[in-house]
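Chemist: Please build the complete structure, drawing on both the sequences and the hints.
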Amino acid sequence: MSSFREFNLKLTSGKMVQFRPVSGQGSCSIGIKGISKGNYDILLEEDVLVNWDAFNDLFTPAAEDQPEEYPYGNFPRFFYYAGNDIGFVEWSKKRKIEEFNWCPYDDVVIDLANAQISNLSIDSAGNKIELRNAHQIRSLSLSGNIETIHIVNPEAIKSIDISSGANIIFNCEYLLPFINLKSLNLNGNVSNLHALKELTQIESLGLRYMPDLSGMPSLTSWTKLRRFIAYVVEEKQGKLLRAELKQLIKEEKLPDTENNFFSVSKLKSKLWFMGEGNNFFASWSDKNEKKASKAYKLAVKEVSNAKAEKQVKEAVLKLIKIINILSNIETTEREDTWFAVQQLVKECHFDISEDLAMEWFDGARDF
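Position in the sequence shown counted from 1, then plus 4, gives you the numbering used here.
Please keep in mind that the hints were generated in silico from the structure rather than gathered at the bench. The hints are all genuine.
Think about it this way: if two alpha-carbon atoms lie no more than 25 angstroms apart in a straight line, the pair counts; the simulated SDA-like pairs of lysine to any residue are:
no., residue 1, residue 2
1, Lys100, Arg24
2, Lys301, Thr336
3, Lys201, Pro221
4, Lys272, Asn196
5, Lys301, Ile329
Modeler: Here it is as C-alpha cells:
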C-alpha cells in the first residue's frame with residue numbers, strides 16, 4: 005500500500021466510497037452522516053449494512069508482496085466505527101483485527117464467540133448493549149454510559165478497562181458480578197470504590213484521573229496484588245494512599261520486586277479537577293468551547309472563595325449569562341452546562357441542594 009494512496013471501496017450497496025489513509029497511520033474511521041461528531045475518514049448513511057469484506061484487498065506495505073499470507077488483507081489494523089452494523093464481528097472470525105473501537109447508536113446484541121479482535125473498545129451513548137462471550141476478547145474496554153452495557157457471564161471476564169463518560173459518574177458496584185477479575189483499570193469519576201474490596205482475585209489495579217477516592221479500600225484487601233498505579237488523583241486522599249503504600253512496602257506486605265510495580269503520582273487539587281481537569285465543554289465548537297471554558301474557570305475561582313450562598317449563585321448566573329449569548333446552544337449543550345453547574349455547587353463550602361441549583365439554572369438560561 006503506497007503512502008497517500010486513495011482507495012475506492014464498495015462498503016455499502018450504494019455508491020463506492022473513497023478512503024485515503026494518512027501515511028504512517030494504520031487506522032480507518034467510519035461514521036454516520038448527520039450523527040457522528042468529529043472527523044472521520046468515511047461517512048455513511050444511517051442504518052446501512054457495511055460490507056466489511058471491502059477491506060479484504062488492503063495490505064500494509066510489508067504484506068503487499070505476500071498477499072497469500074493474508075487472504076483477507078491486514079490493513080487497516082485499527083478501526084473506529086460509529087454505527088449499528090455488527091457485521092464486523094462475523095468478519096473478524098476470518099480476518100484478525102488488532103483493535104476495534106465501536107460506538108453503536110441503537111440497542112444491540114453481539115456474540116463475540118470466535119471473534120479475532122485483540123482489543124475491543126465499546127463506547128455507550130446510553131443505549132442498551134448486550135455482550136455475549138466477551139471473555140474471548142483479550143482486552144475489553146468500556147466507556148461512556150457503562151451501566152447500560154450488559155455482559156453475559158461476567159464471572160468469565162479476567163480483564164477490563166473502564167472509563168466513565170464525560171459528566172458521568174461510574175458506580176463501581178457494577179463490577180460486583182465480575183468476581184474473577186485479575187486486571188482492572190478505572191479512569192475518571194467513580195463512586196462506591198468500597199465495592200472493589202469484593203474483587204479478591206485482583207492482581208493489577210489502575211486508578212487514573214480520579215477527583216474522588218472516597219471509600220477506597222486498603223491495599224491489603226487484595227492479597228494477590230502485584231501491580232498498582234494511582235495517577236492524577238485527588239491530592240488529599242492520594243497522599244493517604246501513598247503513605248499506606250510506602251508502609252506496606254516497608255513491612256514487605258507488598259513485595260517491591262522487579263516483577264511488581266506500585267506507584268502513586270501526579271496528585272491534583274480538587275480545584276484542578278473542577279477546572280483544567282474537567283472540561284464539560286470539550287465537544288462544543290472551538291469558539292464556544294473556549295468562551296464557555298474561560299467562564300467556567302472564572303466561576304470555579306469565585307465559588308471556591310465564596311463566603312455566602314449569594315456569591316455562589318452570582319457565579320453560577322454569570323456562567324449561564326455568557327453561555328446564553330453563544331450560538332447553536334441546543335439540547336446537548338444545555339445538558340453539559342447543567343452538569344457544570346452541578347459540579348460548581350457540589351464543590352462549594354455550602355450545602356446547596358440540587359433543586360435550588362436547578363432553580364437558578366432554569367431561571368437564568370435562554371437555551
